[in-house]
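**Student:** Sequence:
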Amino acid sequence: MRTWGSILAIVGLGILVGGMLFFGAVMAPLVFTHLPLPEAGAFIRAAFPWYYGFTLASAALAALGFLLQHRLRAAAVPGAVILITAWSLLWLLPKMDALKAANDSAAFSFWHNISVWLNGAELLAALLLLIRTAAVKNRD
1039 MRTWGSILAI
1049 VGLGILVGGM
1059 LFFGAVMAPL
1069 VFTHLPLPEA
1079 GAFIRAAFPW
1089 YYGFTLASAA
1099 LAALGFLLQH
1109 RLRAAAVPGA
1119 VILITAWSLL
1129 WLLPKMDALK
1139 AANDSAAFSF
1149 WHNISVWLNG
1159 AELLAALLLL
1169 IRTAAVKNRD
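So that you can map any letter, position 6 of the sequence shown is 1044 in our numbering, and since no number is skipped, the others follow by simple counting.
Just so you know, the hints here were simulated from the structure itself, not pulled from any lab data.
Keep in mind it's a predicted model, so treat the numbers as computed, not measured.
Don't be surprised by glycine CBs; every beta carbon is placed ideally from N, CA and C.
Quick list of in silico lysine to any residue cross-link-like pairs, SDA-like style, CA-CA up to 20 Å:
id, residue 1, residue 2
1, Lys1138, Phe1081
2, Lys1133, Trp1088
3, Lys1133, Ser1153
4, Lys1138, Ile1082
Here are the computed distance ranges between Cβ atoms for each label pair:
id, residue 1, residue 2, range
5, Ala1084, Ala1063, 16 to 24 Å
6, Val1049, Gly1158, 21 to 29 Å
7, Pro1076, Leu1166, 31 to 39 Å
8, Pro1067, Phe1148, 17 to 25 Å
9, Asn1141, Ala1118, 27 to 35 Å
10, Arg1040, Met1065, 26 to 34 Å
11, Asn1141, Ala1172, 43 to 51 Å
12, Ala1172, Lys1133, 33 to 41 Å
Based on the provided sequences and hints, a complete structural model is requested.
**Tutor:** Structure representation (structure tokens):
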């Protein structure tokens, strides 16, 4: 039987992975194929604080679950997601907004690529941890 710690970890990771996949595979392509580019970009930029908030909350839920199980190495993955996402929300997003407003497309493209790679790494790490955690019967 699973305990609250393992349930919170699996649910948190499931919500995290599902939300990240939905945003990247459904939301962004849908917006960019159905809105003119300037409106699509503005809409996605407005959605990012919500996306980052969602990511922070679900990663915190997963981290809490692992901490309740005393699984510190596993808690490091959602912990890293929290740190990277907080940095993205507080520093990277405003920087990219300023670059967009200044029409500095080269710098915007550079930081956009950094954000895509970071988001992909977070998604991959969370997905692998979710698979590993769900596959283990009971670690509590």
